[in-house]
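Protein sequence lines, in the order shown, are assigned to chains A and B.
To convert a position in the first sequence, counted from 1, into my numbering, add 37.
To convert a position in the second sequence, counted from 1, into my numbering, add 37.
Do not rely on the hints blindly, as some may be mistaken.
Since the list gives no way to pick out one identical chain from another, each pair is judged satisfied if it fits inside one copy or across any two copies.
Unchecked claim - Result set (DSSO-like, lysine-lysine): computed pairs, CA atoms no more than 27 Å apart in a straight line:
id, residue 1, residue 2
1, 64, 146
2, 303, 142
3, 212, 293
4, 71, 146
5, 177, 71
6, 261, 64
7, 201, 50
8, 266, 284
9, 265, 71
Quick caveat, the hints were computed from the structure, so don't treat them as lab data.
There are 2 protein chains.
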Amino acid sequence: MTTEALIQQIHKKNSFLCIGLDVDLEKIPSHLLKEEDPIFAFNKAIIDATHHLAVAYKPNTAFYEAYGLKGWESLKKTIDYLNRNHPEIFTIADAKRGDIGNTSKMYAKAFFEDMGFDSITVAPYMGKDSVEPFLSFEEKHTILLALTSNEGAFDFQIKEMEGKELYKSVIETSKTWKNSDNLMYVVGATKAEYLAEIRQIIPTSFLLVPGVGAQGGSLEDVCKYGMKKNVGLLINSSRGIIYASKKEDFATAAAKSAQILQQQMKTILENR
Amino acid sequence: MTTEALIQQIHKKNSFLCIGLDVDLEKIPSHLLKEEDPIFAFNKAIIDATHHLAVAYKPNTAFYEAYGLKGWESLKKTIDYLNRNHPEIFTIADAKRGDIGNTSKMYAKAFFEDMGFDSITVAPYMGKDSVEPFLSFEEKHTILLALTSNEGAFDFQIKEMEGKELYKSVIETSKTWKNSDNLMYVVGATKAEYLAEIRQIIPTSFLLVPGVGAQGGSLEDVCKYGMKKNVGLLINSSRGIIYASKKEDFATAAAKSAQILQQQMKTILENR
């Protein structure tokens, strides 16, 4: 999918919401456990109830790998369901991959071609030749970890490397890589004040922002510091939406939670 | 597996060789493509021919993910085959995972419990709470990326952060994490001179060393700077062994290549 198509969808839905499909069998309503594929049944119900409110879905691959082959089947069914029924929706494989060149190419093929995702999250530690293989796919997007929303972000990401924080060095360096137009960045909402500085380096790149809600980040602050003319933001919410209720009404409850965020986004988009 | 058991195996086999099972269907002998599961057939033949020469096997998960569900089945069959027939062998899931705490725990369960690997490679960018969930598993090992063997290692890993190179900061910081005894480290052989400095920080930790052979590293140099009383090294070779021949004699050729390395290792172990 092109970035332009994503922006069009944002304006059409008045939403820049991404829903994280981090499905844990211990947390989904117990009646679903009787289904042949409880994970897919859960995802399908969530997608059916929320697709008009969200512009992106982001399954974190860890939750699927944890269930072995059955988990991978559920992931494949989920991405196929999205691509077949909602091709306008932007899909993110939250996989945090990255390896030496030849191997990153295998990951890129797996997620972009075999699975059919629009984008994948990638870790920057191994540098240029671990990321460029992902960037070479047309109309596919590589979402580079810059500043994550967890406590461990303070271990290395915000420490100074050659006069600037590591996460800034990662962003600046990544701009020199081949096909860097296909880059987006993960920037946690728990550190919204950093967004102003990030916007000086990458004024228009899309940012995938986790950490609003459950992890304490504020939607208003993120938009204040990070929103641009092209919007340039995808705000992710996972648990706050998909586990809004653990009973039979889980899908309706998820839609209600998603709608609250979408309405806040609509107000922000209208008043900017 | 305990580290002691790994060391015992090293002395018994006079080898600290790890064989990388990075199976690419475009590179394996064409007669195997007729098999029901060509990847597993290839791995089984390689393992049968080399298990007395190697102390560890390391499938890189990218090569399996690239073939979707069938690839994951091949990976599961491979690790099951190793655990059933050669339980003394150390197994490494070269997965380079790492995510926020809750999610890393899912990855740890997937690779340690569901798949039954002894160890997994993990990326350090997200810090403490992305790695500690892996460290909490007893007799399982977390192999942290420190200094990789690719060109992109120069982008961030060897740059100075607060007075020392990032890779050193990663190693030093990781020593403060809970259950850090379960850590091993990836250190590329293409930079053998760095090993002396690394050994000042972690004198006895096991190092997984890729880049000998195909990527230009020297076995002698790696041992000179990195070998300790407990040996403390696993030297990985992938393509140089598994693709030694692309004809029907591939397994015999792989054993020959592995034996050349094993004999060099035997000489080094005897003369130290």
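Index of numbered hints that the structure contradicts, given in increasing order: 2, 3, 5, 6, 7, 8, 9
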